[in-house]
Amino acid sequence: MPEENKNNEMKVVEDLTQSEYKWGFVTDIEEEEFPIGLNEEIIRKISAKKEEPEWMTEWRLKAFRYWKTMEEPHWGKVKFPKIDYQALRYFAAPKQKPQYESLDEVDPELLETFEKLGIPLEEQKVLAGVAVDAVFDSVSVATTFQETLAEKGIIFCPISEAIKNYPDLVKKYMGSVVPYTDNYYAALNSAVFSDGSFAYIPKGVRCPMELSTYFRINAINTGQFERTLIIADDDSYVSYLEGCTAPMRDENQLHAAVVELIALENAEIKYSTVQNWYPGDKDGKGGIYNLVTKRGACRGNNSKISWTQVETGSAVTWKYPGCILQGDNSVGEFYSVAVTNNHQQADTGTKMIHIGKNTKSTIISKGISAGKSDNSYRGLVKVTKNATGARNFSQCDSMLMGNQCGAHTFPYLEIDNDTAIVEHEATTSKVSEDQIFYLNQRGIATEDAVNMIVNGFCKEVFKELPMEFAVEAQKLLAISLEGSVG
Amino acid sequence: MIEIKNLHANVEGKEILQGINLKVNAGEIHAIMGPNGSGKSTLANVLAGHEGYEVTEGSVSFNGKDLLDMAPEDRAREGLFLAFQYPVEIPGISNATFLQTALNEIRKYNGQPELSPKEFLDLIKEKSEILNMDSSLLSRAVNQGFSGGEKKRNEILQMLTINPKLAILDETDSGLDIDALKIVSQGVNAFRSDDNAVIVVTHYQRLLDYIVPDFVHVLFHGKIIKSGNKDLALELEEKGYDWLTKGSLETQNV
Amino acid sequence: MASKTKNANAKSWYIDNFFDFQKKLNGQSGSFINESRIEAIDKLKNTDFPTLKDEEWKYTNITPILNHEFKSPLLTGNPEINAGLVKQSLYTGFDSHLLVFVNGIFSEEFSDLSGIPQGVTINSLNKLIETDPDLIKQYFEKVEYINTFNLVNTAFAYDGFVVIIPDNVILKKPVQILYLTGHKNETVLSAARNLIVAGENSQAKIITNYRPVYDNTYFSNFVTKVFAGDNSVIDIYKLQNESEKAYHIETTKIEQQQKSIVNHHSYSFGGKLVRNDINVKLNGEFIESHLYGLYLGNDNQHIDTHTFIDHAKPNCMSNELYKGILDDNSRGVFSGKILVEQEAQKTNAFQSNKSILLSDNAHADSKPQLEIYADDVKCSHGATVGNIDETAYFYIRSRGVPSNIAKSMLIRAFANDVLEPVNISALSETLSHQIFEHLHRAEI
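Protein chains in written order, with my numbering: chain A, 1 to 486; chain B, 1 to 254; chain C, 1 to 444.
Careful, some of the hints might be misleading.
Each computed SDA-like pair below joins lysine to any residue, with the alpha-carbon atoms no more than 25 Å apart [stated by the list, open to error]:
| # | chain 1 | residue 1 | chain 2 | residue 2 |
| --- | --- | --- | --- | --- |
| 1 | B | LYS14 | A | LYS49 |
| 2 | B | LYS65 | B | GLY111 |
| 3 | B | LYS165 | C | ASP310 |
| 4 | A | LYS77 | C | ALA426 |
| 5 | A | LYS49 | A | LEU61 |
| 6 | A | LYS385 | C | ILE388 |
| 7 | A | LYS459 | C | GLY382 |
| 8 | C | LYS53 | A | ASP182 |
| 9 | C | LYS281 | C | SER36 |
| 10 | A | LYS77 | C | ASP310 |
| 11 | A | LYS171 | A | TYR237 |
| 12 | A | LYS79 | C | GLU56 |
| 13 | C | LYS58 | A | GLU72 |
| 14 | C | LYS337 | A | PHE393 |
| 15 | A | LYS360 | B | GLY13 |
| 16 | A | LYS77 | C | GLY382 |
| 17 | C | LYS58 | A | GLU423 |
| 18 | C | LYS407 | B | GLY145 |
| 19 | B | LYS125 | B | GLY13 |
| 20 | A | LYS282 | C | ASP376 |
| 21 | C | LYS58 | A | THR419 |
| 22 | A | LYS459 | C | GLU437 |
| 23 | C | LYS407 | B | ASP69 |
| 24 | B | LYS118 | C | LYS346 |
| 25 | C | LYS346 | A | ASN302 |
| 26 | B | LYS14 | C | GLU56 |
Which bits of chain A does chain C cover? Going by a derived footprint, with three or more residues having C-beta under 8 Å, they are [to be verified]:
| # | segment |
| --- | --- |
| 27 | 296-309 |
| 28 | 407-421 |
| 29 | 427-433 |
Note that these hints are calculated values from the structure, not bench results. Ideal placement from N, C-alpha and C gives every residue a C-beta, glycine not left out.
Produce the complete structure using the sequences and hints provided.
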């Protein structure tokens, strides 16, 4: 490659690395905060604040007691200073009355925040037909379209409301996919979760619109522990979107969410995430620790759960959205684009556990590493003894940009049935100079060429996203990569 | 030779063959034609005993024996040969080993002595010449890295070597240029005799210019909707399948 | 916790035994190698045996090894060996230099050291420690440590094979090393430290052949070090045919200098529980490393292969191909890591692990890993687990081949790309034969 061209590339890199996190503003809003630290009293206080029934309080306390016996996991290829859990605040909420009758009652500052984030809360603005639940710090501030959904029998509300209004559903399913004993962060979440979204799609109902939750961390030194529970009853379908942002702060913030999906007979759940928590600055200062447990259970025959994630944010990402394929002929899918730049670290992937007969899973993972970041795919495909006819295909590709980052692939295949067909492929490459030159020669600037190539690299995943999300994801990718061509 | 009666077969729960009746005698060449998806390849695979196809009804008698009752290898040893539409590649096993094993297994089954390597090589050499095949293909792995035409020629070489009673050629003409088509036809014509029979499954008439059929059958929606002599193939070439299939749908609707 | 007790018991067994072992050493106790023995046993005091919680051992439970009390042959005495056993244990059909070891101790009687070219060393470690300590001191200075079993090896190894090829020498005949192991009444520990050194521009072929004396329980615990000098070519064939009750753990460490080529072939037939660690460091430019492995499991065999390829310098190539054929209740484990260091631009690294399961109760685990810190590289890995190819199976049967032969053909086809690089033709034929013999299947 000619020297001049190389310099040009370097310039593109420099230009782009100057671009900043656009969602880093802080909303000046009065918040109600609990004292810092964690003990049974705080948990009881959270529970009381939420006016929770006794069983919920007890469950939280059980989780807390269990958590105290656990150790933080260290197997991930991520390094961060030990979190002092007693230095965190476990509850913060905008100081307004917790229930809003209509959007007019919502603090205009808050509405403005969501507007800045491009999240359509006002119903008339929602052309795309997306029902939105907005979670600000730990509390759900607005859920739109509830009535329209109610007509079909669909429940879509903050989980705090669901605990009060639909205790039977919550009791039956919460913790059934991710028990509080599952892992350190799931146990912590079970003890202290403050809100999140709940969705129930009744039998035979195809949810007419995308359900969407936007999460926003605002308050300082506050951990966000939301909990999402989605149940798709027999023959139902739902597509769910999740987006997240946080202000730029020099301190690291903790986000330890739990998401549980349950698909019953013939049901399908599509769960899409665009994760754009604050990644820290270019020297690795600040940013979110995103330590999340997401899992779906295909309980019914012919059920399907599909995870799509675009991970561009967070200083540290530790998440493995998985599927437990219990029902016969059930299908699990995982499509992921994970981009790391500067000092970001991501250790993400999936778990596909084949239990039912003729279960299928597909894993497509695209990792892009730039700057001084480390990006790992870690995935488990397990075929249990009785999972006759199980099929899995995994493709995990990594792309490196520059010579100071790392791209790693750690798949685990555990096969206990001789009729299984399991295939894993992984490649590592860089944006090739030939490709860039070819595009340059056709009149395309290097920066655009790189974006084009990277987008092509991620295409298989983007096509799984709902349209409006796909566009957003592509833009995010371009910004977060900051053109790091080596 | 073979008599198919009211044959019904499913693939993944979907009924593809919906009552096939066909009788083929020694010395005859039958062509089975029909549009894509009519069930031609299914019929070929069902006769060869592919386990992905489930026979739900009907019978097939092959030289007086119940064909459907036999394992795929026993059908082959009884003299049924399928030239595959998509011959599979088997890396690591040479053509020679493969074919010699097959041939000797069939000979053993029929009470004939096994061929020595020398006899086998002589036989292969003789048959390869009919097909203008380079004998170096023999030391290569089965079908691996073969061009489409080479694969089809290799199928015909296997047919000539094994010398079955009934050969079913499944779309053997697809993907062949005119020269290759001629060579393959030469092979088939060299094979045919009063003691054996050929079923040619094809989408196009052009193969039938070189392998002239005694009977032509049109398969549609899993049934033979029309039978005739070689002129039927020419008529199909000229008019396409629509005039037949429309009629068939109408009659079905009545 | 049961496993904790077992761990402690096994440790104290080896530590206690070490004193008895030391008493038997006589002349060797003052040698430099004894210092590393003492160092190893000291280290063992503070090191536990791995459990399933250790990432590198998560699929291999070594408790059965800890349950036995294995003794050095210096304490048990060695069985009588006859020429017939040696003869039937050898790989034949080609000329070779021959070293025979019984329970890890050199047997001069059955070895054939005639015709060794000038300057080439093919000998027993124990003998060389007496006759030429300086020659090997440089290679055995420190305790080799990847896992706890290496410490047991270093502490109890009395002997081993040494092959040193000087610069510019091409060794024509392969060296065959036969390890005969087992004891009639005792569970014996065969520990050997082996060394292969290839000087600049040299070439050698080395066959290690592991066979039982008795079909009973014993523990082969080896450490083998390989140094490949500039521009050297080393072919290593590890042919493991231990008793079906034997435990076999070997760590092979290979260090390559620039432009060297190492071809490592590993065939695992025998053994109840087998673990191979192969670590390769590519410590120069334009190096090639090829690792081929075939592991066959029947009955309750457990076969674990771990590889680690460290690309430390640019412009190198590594290629790994490991295949498992698993029948009955056997379990095959593969874990392979490719590390491409930041400096190692223009690296090509490929890794493939494929397993077929021939029975309902067979089990395969695969953990291929890439850890990459350089951007201008081509790296890939692939892993598949499945049954034999149904389409090919039908195709073969449709030509009249009976199902058992069709299966054998596909097994042979599956093994072919591992067998093909075996460049001693008589050996290749024998190995092909052994595959079917071990799997109790019709040979083709």
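Checklist entry - Honestly, which of those hints from before does the structure not fit? => result Of the numbered hints given earlier, those the structure breaks are 1, 3, 4, 19, 22, 24, 25, 26, 27, listed in rising order.
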